[in-house]
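Line by line, the protein sequences give chains A and B.
Going by the working numbering, 387 is the number at position 387 of the first sequence; the sequence numbering is gapless.
Going by the working numbering, 195 is the number at position 195 of the second sequence; the sequence numbering is gapless.
Take these hints with a grain of salt, some might be off.
Derived contacts from chain B toward chain A, CB cut-off under 10 Å, selection only [to be verified]:
| hint | residue |
| --- | --- |
| 1 | Ile59 |
| 2 | Gly62 |
| 3 | Thr63 |
| 4 | Gln66 |
| 5 | Leu77 |
| 6 | Pro103 |
| 7 | Ile137 |
| 8 | Ser172 |
| 9 | Asp234 |
| 10 | Met302 |
| 11 | Arg322 |
| 12 | Glu344 |
| 13 | His456 |
Now the stretches of chain B that chain A is said to cover, found in silico as 3 or more residues with beta-carbon under 8 Å [to be verified]:
| hint | region |
| --- | --- |
| 14 | 207-220 |
| 15 | 291-301 |
| 16 | 345-355 |
| 17 | 422-433 |
No lab work stands behind these hints: they were computed from the structure.
Glycine included, C-beta positions come from ideal geometry on N, C-alpha and C.
Protein chains: 2
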Amino acid sequence: MEDQWSRWGLDLHVHLRPGAGHGLRAGLEHALRDAVRSGRLPSGTRLPSSRALARDLGIARGTVTQALDQLVAEGYLESKPRSGIRVAPQPTAAPPVETAQPPHTTLRPVRGIDLRSGFPDLAAFPRREWLAATRHIMQTAPNTAFGYRERTGIIELRQALAEYLGRARGVSTTPAHIVVCAGYAHALRLVCQVLRHLVGSAGALAFEDPTEPDYPALAEQMGHRARRIPIDRDGLIVEELTNETAVVVTPAHQYPLGVTLSPARRVELVSWARRAGGFIMEDDYDGEFRYDRQPVGALQGMAPDRVIYVGTASKTIAPGLRLAWLVLPSSLLAPLREATRWDESSVNVIDQLVLARLIQTGELDRHVRRCRARYRRRRDLLGEAVNRHLPHGRLSGIAAGLHAVLRLPADSDHEAPLLGFLAERGIHVEGISPFYHRPQEAPLAIVIGYATPAEHAYSSALSALVRALRERM
Amino acid sequence: MEDQWSRWGLDLHVHLRPGAGHGLRAGLEHALRDAVRSGRLPSGTRLPSSRALARDLGIARGTVTQALDQLVAEGYLESKPRSGIRVAPQPTAAPPVETAQPPHTTLRPVRGIDLRSGFPDLAAFPRREWLAATRHIMQTAPNTAFGYRERTGIIELRQALAEYLGRARGVSTTPAHIVVCAGYAHALRLVCQVLRHLVGSAGALAFEDPTEPDYPALAEQMGHRARRIPIDRDGLIVEELTNETAVVVTPAHQYPLGVTLSPARRVELVSWARRAGGFIMEDDYDGEFRYDRQPVGALQGMAPDRVIYVGTASKTIAPGLRLAWLVLPSSLLAPLREATRWDESSVNVIDQLVLARLIQTGELDRHVRRCRARYRRRRDLLGEAVNRHLPHGRLSGIAAGLHAVLRLPADSDHEAPLLGFLAERGIHVEGISPFYHRPQEAPLAIVIGYATPAEHAYSSALSALVRALRERM
Numbered sequence: 001m002e003d004q005w006s007r008w009g010l011d012l013h014v015h016l017r018p019g020a021g022h023g024l025r026a027g028l029e030h031a032l033r034d035a036v037r038s039g040r041l042p043s044g045t046r047l048p049s050s051r052a053l054a055r056d057l058g059i060a061r062g063t064v065t066q067a068l069d070q071l072v073a074e075g076y077l078e079s080k081p082r083s084g085i086r087v088a089p090q091p092t093a094a095p096p097v098e099t100a101q102p103p104h105t106t107l108r109p110v111r112g113i114d115l116r117s118g119f120p121d122l123a124a125f126p127r128r129e130w131l132a133a134t135r136h137i138m139q140t141a142p143n144t145a146f147g148y149r150e151r152t153g154i155i156e157l158r159q160a161l162a163e164y165l166g167r168a169r170g171v172s173t174t175p176a177h178i179v180v181c182a183g184y185a186h187a188l189r190l191v192c193q194v195l196r197h198l199v200g201s202a203g204a205l206a207f208e209d210p211t212e213p214d215y216p217a218l219a220e221q222m223g224h225r226a227r228r229i230p231i232d233r234d235g236l237i238v239e240e241l242t243n244e245t246a247v248v249v250t251p252a253h254q255y256p257l258g259v260t261l262s263p264a265r266r267v268e269l270v271s272w273a274r275r276a277g278g279f280i281m282e283d284d285y286d287g288e289f290r291y292d293r294q295p296v297g298a299l300q301g302m303a304p305d306r307v308i309y310v311g312t313a314s315k316t317i318a319p320g321l322r323l324a325w326l327v328l329p330s331s332l333l334a335p336l337r338e339a340t341r342w343d344e345s346s347v348n349v350i351d352q353l354v355l356a357r358l359i360q361t362g363e364l365d366r367h368v369r370r371c372r373a374r375y376r377r378r379r380d381l382l383g384e385a386v387n388r389h390l391p392h393g394r395l396s397g398i399a400a401g402l403h404a405v406l407r408l409p410a411d412s413d414h415e416a417p418l419l420g421f422l423a424e425r426g427i428h429v430e431g432i433s434p435f436y437h438r439p440q441e442a443p444l445a446i447v448i449g450y451a452t453p454a455e456h457a458y459s460s461a462l463s464a465l466v467r468a469l470r471e472r473m
Numbered sequence: 001m002e003d004q005w006s007r008w009g010l011d012l013h014v015h016l017r018p019g020a021g022h023g024l025r026a027g028l029e030h031a032l033r034d035a036v037r038s039g040r041l042p043s044g045t046r047l048p049s050s051r052a053l054a055r056d057l058g059i060a061r062g063t064v065t066q067a068l069d070q071l072v073a074e075g076y077l078e079s080k081p082r083s084g085i086r087v088a089p090q091p092t093a094a095p096p097v098e099t100a101q102p103p104h105t106t107l108r109p110v111r112g113i114d115l116r117s118g119f120p121d122l123a124a125f126p127r128r129e130w131l132a133a134t135r136h137i138m139q140t141a142p143n144t145a146f147g148y149r150e151r152t153g154i155i156e157l158r159q160a161l162a163e164y165l166g167r168a169r170g171v172s173t174t175p176a177h178i179v180v181c182a183g184y185a186h187a188l189r190l191v192c193q194v195l196r197h198l199v200g201s202a203g204a205l206a207f208e209d210p211t212e213p214d215y216p217a218l219a220e221q222m223g224h225r226a227r228r229i230p231i232d233r234d235g236l237i238v239e240e241l242t243n244e245t246a247v248v249v250t251p252a253h254q255y256p257l258g259v260t261l262s263p264a265r266r267v268e269l270v271s272w273a274r275r276a277g278g279f280i281m282e283d284d285y286d287g288e289f290r291y292d293r294q295p296v297g298a299l300q301g302m303a304p305d306r307v308i309y310v311g312t313a314s315k316t317i318a319p320g321l322r323l324a325w326l327v328l329p330s331s332l333l334a335p336l337r338e339a340t341r342w343d344e345s346s347v348n349v350i351d352q353l354v355l356a357r358l359i360q361t362g363e364l365d366r367h368v369r370r371c372r373a374r375y376r377r378r379r380d381l382l383g384e385a386v387n388r389h390l391p392h393g394r395l396s397g398i399a400a401g402l403h404a405v406l407r408l409p410a411d412s413d414h415e416a417p418l419l420g421f422l423a424e425r426g427i428h429v430e431g432i433s434p435f436y437h438r439p440q441e442a443p444l445a446i447v448i449g450y451a452t453p454a455e456h457a458y459s460s461a462l463s464a465l466v467r468a469l470r471e472r473m
């Protein structure tokens, strides 16, 4: 058999072994496709008759005919009257290149002690509760639940979110103003589209300085101009705003500095929005976690007609869920419809039903309460350790959230050598400079995410960090 | 108590009843927020002292102080030395408007007999299998699974898809070329972005005529020009293409006509792509369902360097999953990285892990096989019913997919009255004209989706349709 086939440059021997679920016919097709694709059977090559093939291969002629018919239908072979079956003209495939797209550098998993900000404790993921909610959905959801659903999110979830956000975050809204999104970047992209539709062209978006640098970059990619507005101890310096289309802020716990927007600035910011006709995009990424008092209510509650509120499950549950929600002012609902006119929803209905269920049953609240107590203890331990062992360091941003900022004395190492020194010891924290528009003007400080390690690993992670820092401060 | 409060225009009586989980302090805060928001307490109003408030309300002064502090922090009140606590300046909220965003008209659930195309049998949703896979994930996934993951989809799913698509659809690819998307519209949007980055500006995209009209509209919204290319009995008339950036086709089963792209046209189309430097976007929406033979392999297998393949779980499992996948030529990987540089993944990792598991365990194949057998029976019943009862009708597009086209004789009702007549009887099918660029030039035909009814309801749905059509043909 191999001798016969070698005439055609084919190595069918290998492929004709029927594998799991592959019959002889599938094996023959596979081998022929491969031979055509790889160029071993060049275009124009005339194939032996089905009779000859069947004989050579020792399989039924019908099987061969079916396989050849299939490949003719797929365009690998062509069958012309009186000239038999030939290999059809084929383009040669470019060799495949292996290039995965990992998450952004700062979000990739690291080996060792992970004290970067932006992550909750993934060991706390409510696996049991997620599974129980999924079971409930699978047992009770009507068949129509799995069809095409509302593009802004299913009503069950928007109702649950309206109630939850009103109760837990002081958001004043209705389900009609809520848009379920596939994570924060998706929400920001959508807002950029909506603002474009509103003003008929690209506008200017203001961002805090420091901030997560990907967000202004995304706004610029969407055609908007992006400005940076500095932060002081009261939060965004509102008077630096002019006539921007919108300003993106983190009022509950500035990212990454950890400042809370002061009461006076909250009012000032809303006044700016009213006066300038601008919008405030409130990124409430960790608003559920406040330790010194009950959470400060969302800015949105003060001006539902001017504030675009964004919340996410990334910090309360896990980033992998890719679940976020926008609360839009009424005046943006029509531009939203326009901007998303040809889209479908981007979020799996099962996930939406599961989240709605977790809210309705109180599981989300219980989970947030458990995490809040856990993170508060970690924050306290961090504060004590700094007080005791790093007297020249100054910890800030500790009233809320999942991270704090440690300012280092002027005679410490510069940021890069310090981070390098820590990384050599397997300790991963972030410097603050990448968050600044002009990194060279950043203060000397590191950002410590205290939520990331698993509960049992936190104390030793903290000790290792403090020990290493003592050597350099 | 009410008497005292009426001085301040407040109806605290109502809100101060502590509800589930709300203490007196929360009740007081809620009432005050509400009063400020609604304008019942106008800006500048001076509040009574905390001592007086506590006495009036009959609650501890500490509780009142805490509530007032909270509202100062949230910007509802302001506290100035020597002038006590006043209501801070407040914008008035616009009244909320109730406007949900349902799915596109043709995708909304209907009452009665649903024989529209575009839906699988939702009663066949593999609830047990989905739950079992979720359980497996919750029991075995490492914590890091729930963090930020690869933006193009997690490797577990891309590996499973590369294997599945190679085996079931003849797609020639590697995990690095696969991008997991949140449904077809998201995939098309992404391709529009990628093509823009590739050529540095908007280009021209060709679409089949007829086609789902939302897709050319989406491409135009993304800045590209959109052309329509007519279909004949061999599929897309390739020679009508000129120098488009890309052409979007449904080779396995043209949507909605149901034609299969002929072998000669497949080769011709790939030749066009090579010659013109254009790309072919292969929308393989129902490629798994072929009844007269084994599925025709994807066009992608012939020219992985020129074909952008898109598959989806919408027809094989359910549209509500919002799961689709792109297979990109190597030359588009760098433009993809550029276009999605600031994005995160849009798809929940749990769903990705579940789908990967369903593929790995063979559940997806079993599900597709079960559905294929079911849909084939339905198609056969439809064919028999038309043959027997509607001899003047001509059924086409029945070799594959979840829908067929019934051409009506020239003396039938026009489309709109016919659809109206059917709808009055509770029967929902689609006319073909909305799919055409010039609806007035469309043939007289209806599109019958035979997958949608639940299994037990199909025979009676079919009988009702045929009975009603007999009256008008």
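Hint check results:
1. Ile59: Violated. Min distance 17 Å.
2. Gly62: violated (13 Å)
3. Thr63: violated (12 Å)
4. Gln66: holds (8 Å)
5. Leu77: Holds, about 8 Å.
6. Pro103: holds (4 Å)
7. Ile137: holds (9 Å)
8. Ser172: holds (6 Å)
9. Asp234: violated (12 Å)
10. Met302: holds (6 Å)
11. Arg322: Holds - the Cβ of Arg322(B) comes within 10 Å of chain A, reaching about 5 Å at its closest.
12. Glu344: With Cβ-Cβ at 5 Å, under 10 Å, it holds.
13. His456: With Cβ-Cβ at 12 Å, over 10 Å, it is violated.
14. 207-220: Per the Cβ count (4), the hint holds.
15. 291-301: holds (count 6)
16. 345-355: holds (count 7)
17. 422-433: violated (count 0)
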